[in-house]
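Asker: Each residue of the sequence shown is one higher than the one before, starting from 1 at the first, in our numbering.
Honestly, I wouldn't trust all of these hints.
[Unchecked claim] Calculated cross-link-like contacts (lysine-lysine; reagent style BS3-like; alpha-carbon spacing at most 25 angstroms):
(1) K122 / K189
(2) K189 / K78
(3) K121 / K3
(4) K37 / K147
(5) K43 / K121
(6) K43 / K125
(7) K181 / K125
(8) K3 / K81
(9) K194 / K147
(10) K81 / K43
(11) K37 / K50
(12) K122 / K183
(13) K167 / K125
(14) K3 / K125
(15) K121 / K183
(16) K167 / K122
(17) K181 / K194
(18) K167 / K189
(19) K3 / K147
[What the hints assert, rightly or not] Label-pair ranges, simulated between beta-carbon atoms:
(20) E173 / K43: 26 to 32 angstroms
(21) D134 / N64: 27 to 33 angstroms
(22) D55 / H20: 22 to 28 angstroms
(23) A80 / M1: 45 to 51 angstroms
(24) D124 / D144: 19 to 25 angstroms
These are calculated hints, taken from the structure and not from any lab test.
C-beta: ideal position from N, C-alpha, C; glycine also.
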Amino acid sequence: MVKIIGLTGGIGSGKTTIAHHFHSLGVPIYIADDAAKEVMQEKSIIESLKNCFGDSIFEDGQLNRGALASIVFNDSEKLAKLNSIVHPVVRAHFDNWVQNHQSATYIIYEAAILFESGNYKKCDKVICVTAPLDVRIQRILRRDDTKLEAIQNRINSQWTDEQRINKSDYIIENIDLALAKLKVEEIHKILLIKQNG
């Protein structure tokens, strides 16, 4: 069985950038958020979302992710409900994807809420990407058309860096991208030795 390496970090930590650097080294990567966007187009999921959150989260038949986020990141019960709709489908999607990558030495499973969802239990090792909170907030403000309050709500709905670090095997501090990439290469070598040794 191919080894599954979880990669996580808070919003704005740069975990997707780090995941893509692993990909540049030949490692297959699975981005859980991208998969969630994909499965949320499925008819059964759309119906479940409408039943749970109403038609107002859809515009011209398309899911308005901002409208959905403003509902769920202010209400932990609604967030749990959304996760109960989407996560089982993403999990099945991932299991199928893993079957198609059995020849790899290891794969990266990138997910913001790896620990919160319990999916870390399926991982052989976990890498945590960190960055100072103010740096993360500035990145999100540059990247997304969103308000500071919405960012704070999202951050508050996730684990803290301290919580993630305590359960992770490897830590990548992502302040200086060149240094972070060197850390990726170092971890990659360690994982290749462990899997082939």
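Asker: Name the hints, by number, that the structure is in violation of.
Answerer: Hints 2, 5, 6, 8, 9, 19, 20, 22, 23, 24 not satisfied by this model.
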